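Student: Sequence:
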Amino acid sequence: MQAGLIFGCSWKQWDGERYKLFTLESQDTLSVFTYFGYMLYLFVLALKMDVRMLSRTKRKAYLVALPAFVGPMICGHFVTTLLLPYLDRPSQKKVSLMISLHCMVSLPVIENVLRELNMISSDIGRLGLSAALVGDMLSQLALVAGNVVRLYQLSAVKGFFYLAGFFFEGLLIWFVFKPATVWMIKRTPKGKLVGGSNIQGVVCLVLLSSAVSVLLSQPAILGPYLLGLIIPDGSPLVISMIERLDFFVSELFLPIFIAMSALQADLSILLVGFKTVFTQFNIVLAFVTFSVKVISSFLGSLYSGLPVHDSLALAFLMSNKGIVELAFITILRGYSVISDGLLIWLTLIILLVATLVPFVVRYLYNPSIKYAVSQNKNIVNLPKNSELRVLVCVHQDKDTHGLIQLLNLSCPTKQNPLAISVLHPVDLVGRITPVFISHKQENYGNNPYSHQDESCSENIVLCFDRFERDQNGTVCVECFTTITPHKFMVSEICRLELQKASSLIILPFHQTWTADGHMDRDDSTIKALNSGVIESASCSVGIFANRGNLGNMMSETDCYSVCVIFLGGSDDREAISYAKRLTKDPRVELTLLRLYAHSTAEDEACNDQNWDKMLDSETLRDFKTNCFGDGRVRYIEAVCGDGTHTVMGIRKMVNDFDLMVVGRRKGLEESSPQTCGLNEWNDFPELGILGDLIVTLDVNFRASVLVIQQSATEI
Numbered sequence: 001m002q003a004g005l006i007f008g009c010s011w012k013q014w015d016g017e018r019y020k021l022f023t024l025e026s027q028d029t030l031s032v033f034t035y036f037g038y039m040l041y042l043f044v045l046a047l048k049m050d051v052r053m054l055s056r057t058k059r060k061a062y063l064v065a066l067p068a069f070v071g072p073m074i075c076g077h078f079v080t081t082l083l084l085p086y087l088d089r090p091s092q093k094k095v096s097l098m099i100s101l102h103c104m105v106s107l108p109v110i111e112n113v114l115r116e117l118n119m120i121s122s123d124i125g126r127l128g129l130s131a132a133l134v135g136d137m138l139s140q141l142a143l144v145a146g147n148v149v150r151l152y153q154l155s156a157v158k159g160f161f162y163l164a165g166f167f168f169e170g171l172l173i174w175f176v177f178k179p180a181t182v183w184m185i186k187r188t189p190k191g192k193l194v195g196g197s198n199i200q201g202v203v204c205l206v207l208l209s210s211a212v213s214v215l216l217s218q219p220a221i222l223g224p225y226l227l228g229l230i231i232p233d234g235s236p237l238v239i240s241m242i243e244r245l246d247f248f249v250s251e252l253f254l255p256i257f258i259a260m261s262a263l264q265a266d267l268s269i270l271l272v273g274f275k276t277v278f279t280q281f282n283i284v285l286a287f288v289t290f291s292v293k294v295i296s297s298f299l300g301s302l303y304s305g306l307p308v309h310d311s312l313a314l315a316f317l318m319s320n321k322g323i324v325e326l327a328f329i330t331i332l333r334g335y336s337v338i339s340d341g342l343l344i345w346l347t348l349i350i351l352l353v354a355t356l357v358p359f360v361v362r363y364l365y366n367p368s369i370k371y372a373v374s375q376n377k378n379i380v381n382l383p384k385n386s387e388l389r390v391l392v393c394v395h396q397d398k399d400t401h402g403l404i405q406l407l408n409l410s411c412p413t414k415q416n417p418l419a420i421s422v423l424h425p426v427d428l429v430g431r432i433t434p435v436f437i438s439h440k441q442e443n444y445g446n447n448p449y450s451h452q453d454e455s456c457s458e459n460i461v462l463c464f465d466r467f468e469r470d471q472n473g474t475v476c477v478e479c480f481t482t483i484t485p486h487k488f489m490v491s492e493i494c495r496l497e498l499q500k501a502s503s504l505i506i507l508p509f510h511q512t513w514t515a516d517g518h519m520d521r522d523d524s525t526i527k528a529l530n531s532g533v534i535e536s537a538s539c540s541v542g543i544f545a546n547r548g549n550l551g552n553m554m555s556e557t558d559c560y561s562v563c564v565i566f567l568g569g570s571d572d573r574e575a576i577s578y579a580k581r582l583t584k585d586p587r588v589e590l591t592l593l594r595l596y597a598h599s600t601a602e603d604e605a606c607n608d609q610n611w612d613k614m615l616d617s618e619t620l621r622d623f624k625t626n627c628f629g630d631g632r633v634r635y636i637e638a639v640c641g642d643g644t645h646t647v648m649g650i651r652k653m654v655n656d657f658d659l660m661v662v663g664r665r666k667g668l669e670e671s672s673p674q675t676c677g678l679n680e681w682n683d684f685p686e687l688g689i690l691g692d693l694i695v696t697l698d699v700n701f702r703a704s705v706l707v708i709q710q711s712a713t714e715i
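Quick note: the sequence shown uses UniProt numbering, first residue 1, plus one each step.
These are calculated hints, taken from the structure and not from any lab test. None of the values given here were measured: they were computed from a predicted structure. Honestly, I wouldn't trust all of these hints.
To be verified - Calculated lysine-lysine pairs in the PhoX-like style (CA-CA distance at most 20 Å, straight line): (1) Lys-93 / Lys-158; (2) Lys-584 / Lys-624; (3) Lys-487 / Lys-527; (4) Lys-613 / Lys-624; (5) Lys-414 / Lys-384; (6) Lys-384 / Lys-624; (7) Lys-384 / Lys-580; (8) Lys-384 / Lys-584; (9) Lys-580 / Lys-624.
Let the sequences and hints guide you as you build the complete structure.
Tutor: Here is the structure:
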């Protein structure tokens, strides 16, 4: 946009060079090219929108959206009433349209800012998108109404035919174009993406709908926009179209369109344009509507229950301007509704608002404050005989059996119940708004946001519901599905963890194995997600790598051999605290293996002065006192001189167990002689030294691994 403004200046010394770069012929060609790109952009945007969401939007979103639109509209008409006598007759006929333009609430503009600020999956982001959808629909209707009023004042016949053409095109899109797209969707086999011929057919429909718009005296972009709205979001057709067009349109067409729109704004006539009364009127109107929109949105947000800082951030967010407003003023300039002088002022206003709003929102909204409320949620600090709250992430239904068996081994009882929150994270494809589904509140199968992975979510929910029923009231399970972009899933998991006050998050390892021990899945996005949660979570985190044994043993009479490896440190103490719950299950035979270094064995008395070593000793003493006695728990001490001895010892014993529980021990790798030198061979830092060592053993290894990292603070 800045480049377009610079190159659009017509200073005398620059004119000759400017026309060498941008000849009139090339500008016309680029204008057609970029207008076509913007048309495709609106089509793709409409594909991602779900107008059915309007009927399901919560009351809080309407409390924000309605004041954001109605308040500026009322004040805009009030200002117009005061200033109308100063306008000439032609300008008075444009007033209704200009008020609608200044009061716009634009969903794509707000979505772009939220994505830029990494807030799209935050609480304020979800509320902002829901409110923006409501405001966007109201704004589109207001723009149509404003244009009808403008044309009616010019000629009643023009106004009537414009309105009739608008409704006729809507009916045409609904009764002719929609059946064609539904037919294409039905032709596609379930689970498959739409073929190339159908993609070409949709592009032809886009061009045809645009041509129909022009024939009916409507803007050329109206037909493609309506066509995108009527295609069911999340369908294979939508997913295929977005995958083919989204990057191409967003990264190529859109920047060129913005530059070409700004190129038409000539800074050299800035002062000349300001001298016209209609330009001055629009500047005043822009200032008033923006101010009132901020104030009314702020009051609506406060009334809905948001904190002051969040309310103010959301108010500025709802008042933002961007690509949509720029496109509208460019189109109005093409229809000679506004002059070149007014165009440059409106362009500068859009640039100013679009530049300042992200900085203001970033300053006002600080989600880290919420995550800093509790930094000591871990198993070590749980009172005796208390509920353990666990958040479990499940990516595929094949992950469920091993995770359920791990939770079952945690021995939930009436005195030590389990509260399990199950989250199925799904990548956001084919829609603009993230979705969070609570399966206890709504039936996912009938949910309007059904995803291509719907059957996977249903299987996950059914498995955990069955697990809850089998535990006779000792387990409470809540299942959720979040549909959000991969880059925001970490914040989504941390948000739910904070909301549910979880003490432990269990994440599946990004690799899975077949029954014969060979690699089945290696997902880099899950690996990045696990690393992000480990760094961001305010509670303890466990990464569970299921090599087969644990998930296959589902009988109530099966015995499980569990080994906890203890070297020392907060993560190992957390691992022992979790293992204490396992010992209450009569099916579990647990071995606590303490690995000494030579120096530690010789200088044990000196270590009594070390606070961390004292905590280690106290943890071991408590474990021996409370868990020994019935022969199912063993305590073994072994001396390891260096990392090589540790590797050899673990290799000899690892196949004797079904589950290995270890601490991550980040930052202690080189300070511990037992693991010294092993850090160079660590392929998976999120597992720590020992976790990585066990997981990367040969294919005949069958023990599952749980790697635990304690939360930041231990009391």
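Student: Does each hint fit the structure? Answer for all of them.
Tutor: Hint by hint, here is what the structure shows:
no., hint, result
1, Lys-93 / Lys-158, "13 Å, holds"
2, Lys-584 / Lys-624, "14 Å, holds"
3, Lys-487 / Lys-527, "12 Å, holds"
4, Lys-613 / Lys-624, "17 Å, holds"
5, Lys-414 / Lys-384, "13 Å, holds"
6, Lys-384 / Lys-624, "16 Å, holds"
7, Lys-384 / Lys-580, "11 Å, holds"
8, Lys-384 / Lys-584, "13 Å, holds"
9, Lys-580 / Lys-624, "10 Å, holds"
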